[in-house]
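From first to last, the protein sequence lines stand for chains U and R. Here the first sequence stands for residues 131 to 667, where the numbers follow our numbering. Here the second sequence stands for residues 50 to 326, where the numbers follow our numbering.
Calculated directly from the structure, the hints in this document are not laboratory data. Quantities reported herein were computed from a predicted structural model and do not represent experimental measurements. Among these hints, one or two may not hold up.
[Stated by the list, open to error] Example chain R residues on the side facing chain U (calculated, C-beta under 8 Å, incomplete):
{"no.": "1", "residue": "Phe214"}
{"no.": "2", "residue": "Arg219"}
{"no.": "3", "residue": "Met220"}
{"no.": "4", "residue": "Pro235"}
[What the hints assert, rightly or not] Estimated spans, in silico, between C-beta atoms of each pair:
{"no.": "5", "chain 1": "U", "residue 1": "Asn272", "chain 2": "R", "residue 2": "Ala239", "range": "42 to 50 Å"}
{"no.": "6", "chain 1": "U", "residue 1": "Ser227", "chain 2": "R", "residue 2": "Ala239", "range": "24 to 32 Å"}
{"no.": "7", "chain 1": "R", "residue 1": "Thr154", "chain 2": "U", "residue 2": "Ser227", "range": "28 to 36 Å"}
{"no.": "8", "chain 1": "U", "residue 1": "Gly173", "chain 2": "R", "residue 2": "Val238", "range": "25 to 33 Å"}
{"no.": "9", "chain 1": "U", "residue 1": "Gln416", "chain 2": "R", "residue 2": "Ala239", "range": "33 to 41 Å"}
{"no.": "10", "chain 1": "R", "residue 1": "Val238", "chain 2": "U", "residue 2": "Gly250", "range": "46 to 54 Å"}
{"no.": "11", "chain 1": "R", "residue 1": "Phe73", "chain 2": "U", "residue 2": "Glu204", "range": "55 to 63 Å"}
{"no.": "12", "chain 1": "U", "residue 1": "Asn201", "chain 2": "R", "residue 2": "Ala69", "range": "55 to 63 Å"}
{"no.": "13", "chain 1": "R", "residue 1": "Ile284", "chain 2": "U", "residue 2": "Ala235", "range": "51 to 59 Å"}
Ideal placement from N, C-alpha and C gives every residue a C-beta, glycine not left out.
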Amino acid sequence: MSEELVLTLEGLEVETIYGAKLVDHVNVTLKRGEILGLIGESGAGKSTIGLASMAYARAGCKITGGAIKINGVELRASTAAARRNFRGKSIAYIAQSAAASFNPAMKLMDQVCEAPVLHGVMSRADAEKYAKTLFAKLQLPNPETFGDRYPHEVSGGQLQRAMAAMAMSCRPDIIVLDEPTTALDVTTQIEVLALLRDLIREYGTAGLYITHDLAVVAQIAHRIMVLRYGKMVEVGDAKQILETPRTTYATALVNERRSATHTPLIDPPDHAEPLLSVTDVEAGYQPGTTVVRGINIKLARGETLAVVGESGSGKSSLARVVAGLLPRRSGDVKLAGQSLAPVMGARPRDTLRRLQMVHQMPDTALNPRQTLQEIIGRPMQLFFGKSDSQVKAQVAELLTQVGLAADFAKRRPGQLSGGQKQRVCIARALAAEPDLIICDEPTSALDPLVAEEVLKLLRKLQEDLGLAYMFITHDLGTVRRIAHRTAVMLRGEIIAQGPTAQIFSPPFHPYTEKLISSVPEMDTTWLDHVLKDRPAA
Amino acid sequence: MTLLGHRAPFTAQIGMTIVALFLFTALFGPWFAPYGESQSIGDTWQTPSGQMWLGADQIGRDMLTRLIYGARTTIGIAAATTIVSAFIGITFGFTAAVLGGWVDTVLSRLVDVILSIPPLILALIVLGVFGSSIPVLVLTIAVVDSPKVFRLARALGMNIVVLDFVEVARMRGEGLWWVIRSEVLPNAVAPLISEFGLRFCFNFLFVAALSFLGVGVQPPYADWGGMVRENASAINFGLLAPLYPACAIAALTVGVNLVVDWLLSIDARPSGAQAEM
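Just chain U, with the same shape it has in the complex:
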């Protein structure tokens, strides 16, 4: 790391075209080879700053103040053509969702070679050669022929690495990494993280690393900037922020992340008769293929069963089988001793009532055209035939119960934040007075502090109402905080099941151990330790 500044943002301000401030007077300096982590919840302006460092603002936003200098050249004063010459060549961008960022109709090699050829940095032949070197460094399979594939022919982790190759194709001075590992599974995440870090170090590239996960940024950043509502909260050395944060907000973030790894585990309640029992269930979408097989689970009243696994492990499919959305092929699902029909449509209304679901994305789980009164009140009318005045009183009661003001009833989902929407989803599930709530990753779309509050609410409701939860998640931190018992899924089968404390202590199933060891810890040396202990993939 030299003392030469490659990027400076001075007093950066970004507003929407309606005048709302997204970024308010933010200063960033980046030395050659240095990595700065930008940390904050959604809406903190992290991505906006990342894009603004290329003098770019999303549609609907504009950069209204401050200076953006790359290698001493002020970009805001330059022409659009001059700015374009910097993008890709001097400063490159890695987006969160690789799948959405590649052109599905072009081969990977064509997309990786586009920038160097366009900027005149290399000839096409040289660019291809260099791309293959990068593919090899990023440990992509068959680097010589990898570029001949189309984006849909490679996995998510590979695509994210291909995007890293694309960003590095012009050997830029600065690279903006916008949550590059957030969409990946934990086990894939550390591979990609390690490869990105090594690549950036090898080429001496400076980086802005945007993420909401402190533990991830701890592995890669030299310095960390904590942002909130578009303002800088705290900037400092990575170690200092993680160990001795000065501001209350940074402290809250750090503590939330710590509690995720250190919360004592809950003991399972004694259960005599199971509320939900699933025996030898097998199901699949197309004939001849199965997504879940040989599933046996039991869940008692007042108990939470976490189903964990990576994407594609069949955990959501299992939830859909129980809900009757995906008809099972064989086996049995019993709720309170009664066998449930495989197809939801064949279940009596009272059975439907007793089994409710809370979805992952609160944005799409609520009808944007209905008021909360209509959303929460509907199950009461449908299942219990309550009168309008009863419904109104009970909606107000439920809103209070999930921690919202009673006068929210008149609002529509668009007027709520993500966490509030998820509370409404929970209230709607409660309105049916269910026995069992299937929670399909209810906190994974929420910011950490908000997610923590939602988990607390779920726990409190369980204590008050004796609800049973089937909790689908990929986040082991969440599991430790909410689940009495845990089932680990791998390729459609449950490979380990038992009280959470037991699952999370030795002797582990090898896969469980891999999952546990893949969860980043708030220690700047964690990644090196894990990689040392683990044989190369």
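Place chain R on chain U using the hints.
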């Protein structure tokens, strides 16, 4: 005038003025029309004068009066047709989207069959068989037109039924009608309204075309398409008679399109300014 927070551009304001003017004429025309609808008061194709501002038609009826009454029939039939067609198309389109499976297949193939027959030919056959009265006319055009609404409604519905809130409604055991009316329809209103305007234009031209061919609105009722046909030969003598109803058809079509363009742009446009490319 603003809609969903979007201000109407100048062109849309012109469009709305034109449409409003025509609607007013259609609704209140008889109150201020100078003469009766089929009252013959002048000579054939009499040139415009103080008594008859736009002259007379082929049997000496006042052209302006006929245009005013024509607005009534033509716009009325087109509006009725569009409402019926939208109702059929939206109901079946959403049903196909919500139920899916074989219901969707059967409905979609049925629609393909109707779409494969040229609409004008189909309408001519039906009207030829059943005779041309206004109810038959409305129903025929509505049936011919509804597949296009069906296609749009089904596509819109498909994108909505996959959302989680519809799944929640299904898991609650809601019926088909409730899902369509409360979950799907409110979220598809904006594009459906613009489609409604567009289809109104097509239907209105279709009515005019059928009348021009003689199977549409029958005499003595005035309607613009029929008026163009009746007065068509006047053009041979260098007279303007057929151009007045033709201009009315063109003006309303342009007016409605200006409004619809604006409505469509509201839905398609990302909220905010264009990004710098």
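Of the numbered hints stated previously, which ones are contradicted by the structure, given in increasing order?
-> none
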